[in-house]
Amino acid sequence: MTEGWEAVIGLETHVELSTDSKMFCRCPVDVDSDPNTACCPVCLALPGALPVPNEKAIEGIVKIGLALECEINERSLFYRKNYFYPDLPKNYQISQYTFPVCEHGTIDIDVDGSPTTVGITRVHMEEDTGKSTHVGDGGGRIHDADHTLLDFNRAGVPLVEVVTEPDIRSPEQARAYGAELQRIVLALGVSDAKLEAGSMRFDANVSVRRVGDPELGTRTETKNVNSLRSLQRAVTYEIERQIDVVEAGGTIRQETRHWDESTGKTAAMRSKEESEDYRYFQDPDLLPLSVSHEWQDNIRKTIPELPASRRARYRAAGADVVAAELLADSDGLSGVFEGAVAVGADARTAAIWLTGDVVAHLRRNEREIEDTALTPEHLADLATMVDDGELSSTAAKEVLIAAMDGGGDVRAIAQDRDLMQMSDVSAIEEAVDSVLAENPEAVGKIASGDMKPIGFLVGQVMRVTGGKADPKVVQQVLRDRNSG
Amino acid sequence: MTDLADLTIAEAGRGLRSGTFTAADLLDAVSRRAAITETHLHAYLTLDREGAGAAAASADEAFAAGEDVGPLQGIPIALKDNMCTKGLDTTASSQILAGWKPPYDATAVQRLRQAGAVITGKTNLDEFAMGSSTENSAFGTTRNPWDTDRVPGGSSGGSAATVAAGSAFGAFGSDTGGSIRQPASLTGTVGMKPTYGLVSRYGLIAFASSLDQIGPLARTVEDAVILLEAIAGWDSFDSTSINAPVPSFARSLGVGVEGLRVGLVRELAGDGIDPEVMAATTAMAEKLAGAGAFVSDASLPSSEYALSAYYLIAPAECSSNLARFDGVRYGHRAEVEGTTEDMMSHSRAEGFGPEVIRRILLGTYALSAGYYDAFYGQAQKVRTLVRNDFAQAYSEFDVLISPTSPTTAFKVGERAQDPIAMYYSDICTIPSNLAGDPSISVPIGVDGDGLPIGFQIMAPSLGEERLFQVASEVERLAGFDMRASFATSEVTSP
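Residue numbers (the numbering used here), protein chains in the order written: chain Y, 1 to 484; chain U, 1001 to 1494.
By construction, these hints were calculated from the structure, which means they are not laboratory data. Keep in mind it's a predicted model, so treat the numbers as computed, not measured. A portion of the hints provided could be inaccurate.
As the list claims (entries may be wrong) - Over the 10 Å line for every Cβ pair with chain U, so calculated as not near, a few chain Y residues:
(1) His14
(2) Arg233
(3) Val245
(4) Val291
(5) Asn298
(6) Val322
(7) Gly339
(8) Leu362
What the hints assert, rightly or not - Computed footprint of chain Y on chain U, listed as stretches where at least three residues anywhere in the stretch have a Cβ under 8 Å from a Cβ of chain Y:
(9) 1320–1326
(10) 1362–1376
C-beta: ideal position from N, C-alpha, C; glycine also.
Using the sequences and the hints given, assemble the complete structure.
The structure is reproduced here in C-alpha cells:
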C-alpha cells in the first residue's frame, strides 16, 4: 500500500443456504431446473399469499452464528426492505434490521503469520431474488436490452448475510477472511458456498485515510466479486483508486461500484446519495422469531469441529502450516490423516506424504481422496516404513500410488515389486567391500585425502545392490571403511 | 309462503335435512332474487352460475347418500372479491386485477368448499378494501337494499347487500378498520370481525396485514356463528394464525347476560354520533341492564388518537403490500415504450384508483427516512396505548359496547369528495382492529328514515364465546325483523 495511507475494509457476505425448501414457502431449492418451475403463489408474490419461515434455514443461520461466536437473539424480527425491481416479486425483500438472529461475533484470520481478529457485526436472515436475463444487443447488460427474461426459481431461496466490522486493513486480509468464512460454512454443511456459482458472494466496503487520522474516509461499496482472487484484486484496485483521487485533491463519492473481472477495475453503478430509501418496517406477516436456549443448545450439538481448531490440532501434532490447512479443509484427507495417526503413524511424516504426493496425484487425475482405495492403515504403514528406512522416497511414491489404485497392503506391494530397501548393514558392508576391492584407484585417492570418489563408489554400491541399499547407510559404511 | 331466499342459514339447513327442499332449490331462490336485485344493487361482481350449480348438485347428492359435512352443506354463500377463488375472477375491485383468475383457493375458501357451501359468486368492495361506502370500486357502486340512493357501507358493501337483499344466505367480508361491521350496520345485518389470527389470511388479498381479518355477514347471530365455525382455526400457511383449538360458539347462544359486566365506551358514544343512533344505543344498554347485566360507563382514553394512528399504520402496510402489483407477473400492464421502471409505474398509475393511490402515497411518506419516527413510529405507540386501554377496560368489564357507525346509511356521493368525512365512518370500529380483538355489529332498530342502526359489542382477544353470548341477547332484545327491509324497499317490487 502507498506509504502513509491506511485502508479500512468491511465485508458483507451473502451465503445461500442449501436447504431442501425455500425460506418462506414449500418450493424446492432447485435453481437450475427449467425456468419458473420451482415456484408457487408465495415465491411469485401472488395476491393473498403469505410467508411462513423455514425452520431448517433458521437452524442453518444459528449454526453459522454459533460458529462465529455470535450472541443469538432469543427473539429476532423480520423486516421488509422495500424497493422496486422486476426480479423481486413482492417488490420488497424480507430481511432483518434491528434484532437480527445473530450479533457480535468474530473470525480469526492469519496472513503470513500475523494473526488478526475480524469482528462480526451481525448475521441476518433474508431471501434471495429471482434472476434477470437481459436479451438484446447490450451484451447481457440492462441498457440496450431488447427485453428481459425472468426466472423466479431462485426467488425466496434462504440467504444469510454476514456483516463484518470495518476491521480489515489489507486486500490480503480481506481474502483470508473470505477464505476462512467459506471454510467455516463448508465445514458446517449449511451451504455449498460456491463463489463462481453465486451461492456465496461478497460486497466490499472500502475507504482510505492517512495513517494516524482518527476519522474514517468516505466508503464505496464494490459488488460483483465472484472469487477470492477477485476479492483481493477488487479491494487492491479500490484502495489505489481512492488514494489516487484524494492525493490528486479530489473527494471520494459514497457510491456503489461494480467490479469488472476482465478489465480489473471498479466502476460507479449508482450514487448512494440518490439511492433508494428502503423504508424498513417490521413485517406484519411474520411473528417475532423465537430461538429458545434449548433449541440453540440442540443446534450447538450438531456443529462439527471447525477448521481453525482442526488446523491448530494438526500443527500441534507436527504438521506444517500449509499441510495443516490442506488437511483441515478436506474431510476426506483429514479422515485418512487422523486414522493413520490413530494407528501409530508419525503425524509429521503422514502429513507430508498425504499433502504432498497423494494430493499431487489426486489433482493430476482430478479425483477426490474418497475415490481412491487409500486407507489410514496404508498411510500409517508407509510412513513407518519410510521412517525405518525400509522404503526409499522414490519407492514409497510408487507404492503409494499403487495403494491408491487398489493395490492393497503397502508392504506386500513393496515386496511384490521388489522395492524394499536393504537395511541389513552386514549385507551393505559386503557389497561395499566388493566394490572397494574392484576399485583400488579410487580407494587410493580417498586415502590421500581426495574425497571426490565417494560419490562414484556410492553409485557402484547402488548398482551392485540393484538400487535397494539405503544411500545414507552406504555412505556411512564407505566413510567408516576409509577412515582408518 | 316465504320465499326460500329469505330463510336464515339455520332454517335452510333444517329444510334441506327434512327434505322440504333441495340445495338446487336454494340456489335457484337466491339466483332468482339476484336477477331482480342486481339491476338495482350491483352487489355482485361475478356470479359463478356454473360452479354454484355444480356445488349445489353435489350437495344434493351428498344428502341423498346420507353424507352430511355440517350446517353449510348446500347453502349458497357469497364471497368478497378480495378472497382468492381458484379459476374464478378475483379483482379486489381494482382495474389492476381485472380478469385475474387465481391458481389457488384462499384457506377460508377451501374450508367453505370442504364444508359443502355453494359459492354463488364474488361481491363488490371498495378497491383493495379501502373505503367505507363501496363507491371506491373500479367496477361500479353498490347500493343499499334499504334505500338505493344510499351506500351499503364498505368496504364489504357488496357482501352486506347480498345478505340484506337475499341474493345469498350469508357472505364473507374482510375487516381492517370496520369493513365488515360498518356495512352490516348500514344494511341491517349481523357482521363480525374475529380475533386477529382466528381465521387464516392466506389467500385474502392484503390491505393492511396486521389488521385484516376475514369474517361473516349474516341475517342472524346464529348464522354468523355457523359461518365463522366453518373457517376458523389454525392454518400452516399463515404464521400469524393462532395455533389453538377453536371452541364451539353455538353453545354461547341464548344463554342470556345475567351478571355480565357491560361497559358503554364513553369516547365512542358522544360527540359525532348521530342522536338517533345514540338514543338507540342507550336504549339497548338499558335493555341489557334490564336483562340482568351490570351496565356502566367504560373508558378507552387513547381511542381519540386511534383513527389517526390507523390512517398511518394501514396506509404504511398497504404501500408495501400493494408494491407487488407492478405489471410484471400478472394484472394490468401498461403499453409504454421505455424502461422496465416506466412500464411498472405506468401500470400502477393506470391500474390503481384515486383512493388507493392516496393511501399508497400516505403510507410511503409515513415510512420514509426522517419521517418514520414522527408518523409510523408514533402510530405504533398509539396502538400500544389503545391495547393497554382495552386491557384496563377488560379488567373491569366482560364486554364493551358502542354504536357501530356514527350514522345510518349516507347518500351515494355524499362523502365521496371528502376523504376525512369518509374516514370518520370507522371511528367506532377501528379500536378493535388496532387491539386485534373480536367485535360484532348487531342490528337493533331503524332511524326516522327507516334505515337500520347497528350496535357494536367488543370482547377481549379470543373472547368470541362471550361476544356471541351478548350478541344473541341483543338480537333477542331488539326483536329486529330483517325481513321488514324488503317490505319497505323498492327492490322487492320489480
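Structure-based check of each hint:
no., hint, result
1, His14, "22 Å, holds"
2, Arg233, "32 Å, holds"
3, Val245, "28 Å, holds"
4, Val291, "15 Å, holds"
5, Asn298, "21 Å, holds"
6, Val322, "49 Å, holds"
7, Gly339, "46 Å, holds"
8, Leu362, "47 Å, holds"
9, 1320–1326, "holds (count 5)"
10, 1362–1376, "holds (count 6)"
This entry satisfies every hint, going by the numbered hints stated previously.
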